[in-house]
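Asks: The primary structure of each chain is shown beneath.
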Amino acid sequence: MATEALSTTTARPVTDEGPRISAGMVAMLLFIGSEVMLFASLFAAYFFARFNIADNVWPPLSPDGEAYHLPILLTGINTAFLVTSSFTVWWAEHRLAHGDRRGLIRGLWVTIMLGATFLIIQINEYAHLDFTPQDQAFGSTFYVLTGAHGLHVFVGLSVLTVMLIRSYRGDFSPTSATPLTAASAYWHFVDVVWVLLFVLVYLL
Amino acid sequence: MSTHAPAPAAHGHDHHSPNVPLSYWWKRVAWMTPAFFAFGLALVWFARAVFGMDPLWNAEAYYTVATLLGGMGFLTGIGCFDWWLKYAIGGKVDFDDHSFHGATSWKAYFRVNTDHKVIGTQYVVLTFIFFIFGGLFAEAIRAELAQPGQQFASGEQYNGIFSTHAVIMIFLFVIPMYAGLANYVLPIMIGAKDMAFPKLNALSFWMLVPAGAMILASPFVGYFSAGWTQYAPLAIQGGTGVTLFQIGVQFAGFSSIFTAINFLATIATMRAPGMTVWRMPLLVWANATTSALVVFGTPFVAGSQFMNLFDRVMGTNFFDATQGGDVIAYQHIFWFYSHPAVYIMMIPGFGIISEVLATFSRKPVFGYRALAMATVAIAVLGFGVWAHHMFTSGMADWLRVPMMITTVIIAVPTGIKVFSWLGTIWRGKLHLKTPMLYALGFLFTFTIGGLSGVFLGTVPITIATTDTYFIVAHIHYVFVGGSAFTIFAGIYYWFPKMTGRMYNERLGQWQFWLFFIGFNATMYPMHWLGLQGMPRRVADYDERFAELNLFISLASILMVISTLLFAYNMVNSWVRGPKAPWNPWRGRSLEWLVSSPPSTFNFETDPLVVGGPYQYGIEGARHAVVYAPSQVGGELTEEEKRTVLVVAHETLASQQLVDAIRRKAAEDYYWRFTIAVPAAGRDKRAAERRLQTVLAVLAEDGIDASGEVYDLGPIEAAATVAGEETLHGVIVATYSKDSSRWLQEDVVDRMRKSLRMDLSQIVVTPGDVLEAFDAKGVQHVAVIGRDGLSSQALVAELERRADVNPLRVTVLAAAGIDGPAWTDEASALREDIGERAGETLGLLLLAGIPAQGEVIDRDATAAAVVAVESYAPDLIVVATARGETAVESAIEAVREKAGVIEVEHFIVDAEAPAAPMGS
Chain A
12 MATEALSTTT
22 ARPVTDEGPR
32 ISAGMVAMLL
42 FIGSEVMLFA
52 SLFAAYFFAR
62 FNIADNVWPP
72 LSPDGEAYHL
82 PILLTGINTA
92 FLVTSSFTVW
102 WAEHRLAHGD
112 RRGLIRGLWV
122 TIMLGATFLI
132 IQINEYAHLD
142 FTPQDQAFGS
152 TFYVLTGAHG
162 LHVFVGLSVL
172 TVMLIRSYRG
182 DFSPTSATPL
192 TAASAYWHFV
202 DVVWVLLFVL
212 VYLL
Chain B
-16 MSTHAPAPAA
-6 HGHDHHSPNV
4 PLSYWWKRVA
14 WMTPAFFAFG
24 LALVWFARAV
34 FGMDPLWNAE
44 AYYTVATLLG
54 GMGFLTGIGC
64 FDWWLKYAIG
74 GKVDFDDHSF
84 HGATSWKAYF
94 RVNTDHKVIG
104 TQYVVLTFIF
114 FIFGGLFAEA
124 IRAELAQPGQ
134 QFASGEQYNG
144 IFSTHAVIMI
154 FLFVIPMYAG
164 LANYVLPIMI
174 GAKDMAFPKL
184 NALSFWMLVP
194 AGAMILASPF
204 VGYFSAGWTQ
214 YAPLAIQGGT
224 GVTLFQIGVQ
234 FAGFSSIFTA
244 INFLATIATM
254 RAPGMTVWRM
264 PLLVWANATT
274 SALVVFGTPF
284 VAGSQFMNLF
294 DRVMGTNFFD
304 ATQGGDVIAY
314 QHIFWFYSHP
324 AVYIMMIPGF
334 GIISEVLATF
344 SRKPVFGYRA
354 LAMATVAIAV
364 LGFGVWAHHM
374 FTSGMADWLR
384 VPMMITTVII
394 AVPTGIKVFS
404 WLGTIWRGKL
414 HLKTPMLYAL
424 GFLFTFTIGG
434 LSGVFLGTVP
444 ITIATTDTYF
454 IVAHIHYVFV
464 GGSAFTIFAG
474 IYYWFPKMTG
484 RMYNERLGQW
494 QFWLFFIGFN
504 ATMYPMHWLG
514 LQGMPRRVAD
524 YDERFAELNL
534 FISLASILMV
544 ISTLLFAYNM
554 VNSWVRGPKA
564 PWNPWRGRSL
574 EWLVSSPPST
584 FNFETDPLVV
594 GGPYQYGIEG
604 ARHAVVYAPS
614 QVGGELTEEE
624 KRTVLVVAHE
634 TLASQQLVDA
644 IRRKAAEDYY
654 WRFTIAVPAA
664 GRDKRAAERR
674 LQTVLAVLAE
684 DGIDASGEVY
694 DLGPIEAAAT
704 VAGEETLHGV
714 IVATYSKDSS
724 RWLQEDVVDR
734 MRKSLRMDLS
744 QIVVTPGDVL
754 EAFDAKGVQH
764 VAVIGRDGLS
774 SQALVAELER
784 RADVNPLRVT
794 VLAAAGIDGP
804 AWTDEASALR
814 EDIGERAGET
824 LGLLLLAGIP
834 AQGEVIDRDA
844 TAAAVVAVES
854 YAPDLIVVAT
864 ARGETAVESA
874 IEAVREKAGV
884 IEVEHFIVDA
894 EAPAAPMGS
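Here the protein sequences line up with chains A and B, keeping their order. So the first sequence is numbered by the working numbering: it starts at 12 and just counts up by one. So the second sequence is numbered by the working numbering: it starts at -16 and just counts up by one.
Honestly, I wouldn't trust all of these hints.
[Stated by the list, open to error] Mimicking SDA-like on lysine to any residue, the simulated pairs with C-alpha atoms at most 20 Å apart in a straight line are:
1) B:Lys75 - A:Phe62
2) B:Lys624 - B:Thr709
3) B:Lys69 - A:Asp182
4) B:Lys69 - A:Gly158
5) B:Lys182 - A:Asn63
6) B:Lys75 - A:Asp182
7) B:Lys69 - A:Arg180
8) B:Lys667 - B:Ser689
9) B:Lys182 - B:Tyr92
10) B:Lys75 - A:Thr143
11) B:Lys75 - A:Arg180
12) B:Lys759 - B:Ser723
In short, the hints are calculated from the structure, not lab data.
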């Protein structure tokens, strides 16, 4: 401390060349971190329910003694749609980096279509499941986890739609596209959470 | 986003100020809030009808959606989302839109404002109002517990009262108050022009309004009575108030998260050139750490409350053991956030304390890096101790000992902090201003709370004392003795910066001692009660605890009085306190290098940071170079200023000395003045009044001056200042040789030798003209009277007023001569009244109030004419003796002559023996 104090009587050369990351991206990454913790709390409740189950049967049996059924195949296909959408949004950004605004718009359209497809299939799944949120802790954790994720997909889609509108307006350029980059980071997060959720809740 | 918000001058576009009147926004609120609320009701009705849910009416479901949407309606109405909605639908938006930035009138505080300083003030004021509500609930608890048995609240109501008290204090007072204080000073401290996301910042603040409204409304729809922790299944079975709490707390939680992200993004990307992380003030470190805790911790409480809510409203089974749920899971998830939340409610206070202790000890912070890293360590360890709240909950046994060990380990970084603070004040030159008193009080009370915390971290003690008043004592020593003390310290410390006015120091000190004594008398006996087994959260208790509980309830009233005193001091000083200089405390960090209050964008140009922030007393060290506006002398930094020491006691409030200071200040732009008032064996309050008056006058002139009353002789006081600052000149003011004790004791020569400096001596004659004191911050009172003069009561009343606001007095003694003025009778009258006036002037001067006088031959009305025409006072006081005749008509006549000037009437008991005049 003392030596530093004495050596700073004259101004030091300024070496800062500005931060390498924009405030917008810092904020989005922190927000994603926050969202990760929200899902972590829901997963925590899921594991409490799962590992407290009396006879280690998961999914548990209904009061009639039948096992609850999860549509793994259909959801697996649906997962593929969502994962693909992560690549298409990456591709859209990639096109922008080459100055191809039409490519960007096309990429965003495809991404939104894939995301919407995922959401519709998921709602359809809800309508055909043989259990409800009120059916034991199993039903509660399943619906709240997938529902929270579905809500995030919806938010992600809304944000991407706004990005699409702004792309038509010509807001983004290869050097200035923080909102777009942030939106795409959020979309990747939504996809990664889904993969985790699919593996933990459906497959294992 | 650009790295730095550009300065206003750099903008190409015009600043279209929001010309819409305030009523526009509040009209929008008035229809949008109920509209959204009704839409929520309709939505639930529609959904329940479509899906054939039975019954169609389910209060919880309707309340949940409707309050959620009602809150959003409020935010939409006040205009938080306008910019983003415009952006979303493809409208033309301006990314550097400053049209909602800054305040020119009070109205700007009642609409969405993107200026971090306005938002900071909004936060502090609103959360203080919440604090008063929380305090009312606390007093309700003490009223119920004043005697054993039931007083006014049923068991259920009592549970609701203490739950609401805790929730208000935690979610609506401590957490957002810290956010507010940091909002104001943090961007300035790192040399930024605003926060990274001003619109998000405004949203964060306004979210507190629905949050507060819901939590305050909850008692009216059925208390939430499960305690602030909302344990399942108690909360799940509770009344509708629980739903309001759960929605309200989500608003508060999102507000916290957005603010935290904003702070982190601001600190990460908007630091001034040269502001490396190891040059950041500790308040910035503290808030960065806290923000990280909020970002990663708060979602857990959101998750726990969502699941609780779903269990209540949707009939899910997260915490229902009969359906495969786990009750303990709620506690784990809740405390995984809520233990870090304890640090969220403490670490920003640590930051405030570090600032205050260093500034008022005039020493570099001891162990700067250790303090910074200890803060981070507390935060990291804080995530690994949550289950110490659950030792008696029936959780897995193997978790107990690890959690006990991690808990006790947290005492290590906390101990590092406490010892570093002690090292900071060790052999420092302590200036016991109110913020410093609070900081020292904090060290005392927080250490007690911290020690009982280590105690409680051990499993056997927890098992023995769980759910007793020992816990209540501990948590209040941490949150009141810790958080609330630091908040008071912070508000006093930055009050001059935030309002541009000085608070009243004497009231501040009274407030501190009342609060400190009241707090300890209230909370300390709770340790004993707890150890004797008095359970917490129960409205009734055993007879044997009755006396101590009555004592506690009475002691708590001291805190109420103290809080009212605080509110009075703040409001009064804000409205008519003396103007504050830029740097009343001689602080080193950046917020003290800008004006009070700072200009709209804080800095005219980017400051350049060249050193650490706490290098007090290190010669030549400097923290930053700030280019000041040209009217105070162009390129000028705090360190480039040169200090002139002014030593004076009774002679301080005199025309000659003020003129001398003005002449010196006009000589060159770099002079600033440190006034030392040696008051050993003299009237310290009088000295303080003189000092405040002169400071107010100098502040009005834009002269940089600060000062202090010392309980020392003149030579020792001068030596003390010389030990803290490099002096470039000394002015000593004395009376003339015959009447000056200092000159008789050869003080000036001895001071010259002791300081080894040349000094200039000003000779003052008392009771001359006082035009120098014609300043806005100094109230000019004309006292008109005859028999009412020369009484102790009159002087005492004027002293009381001078304590609140500096004033100067013109005594107009009305002789009341009726007939010709040359008769002997008239001369006698004149002589008599002259003597009285002289006595009054003498008393006022002794009391430290600048005063002058004149004898008027005729009556009070004539005196009023003289007052208005020659003196133009701010206030006319007519002093009459009890029993004086024809008073009413005289007052009426004076009022008529006074015109717009306010007239007051004092009735005093005449002929109270006047004190002999001193030297």
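Asks: Now, for every hint given, state plainly whether the structure supports it.
Replies: Results of checking the hints against the structure:
no. : hint                : in the structure
1   : B:Lys75 - A:Phe62   : 53 Å, violated
2   : B:Lys624 - B:Thr709 : 10 Å, holds
3   : B:Lys69 - A:Asp182  : 14 Å, holds
4   : B:Lys69 - A:Gly158  : 29 Å, violated
5   : B:Lys182 - A:Asn63  : 45 Å, violated
6   : B:Lys75 - A:Asp182  : 10 Å, holds
7   : B:Lys69 - A:Arg180  : 13 Å, holds
8   : B:Lys667 - B:Ser689 : 17 Å, holds
9   : B:Lys182 - B:Tyr92  : 15 Å, holds
10  : B:Lys75 - A:Thr143  : 46 Å, violated
11  : B:Lys75 - A:Arg180  : 9 Å, holds
12  : B:Lys759 - B:Ser723 : 32 Å, violated
The structure shown violates the earlier hints numbered 1, 4, 5, 10, 12.
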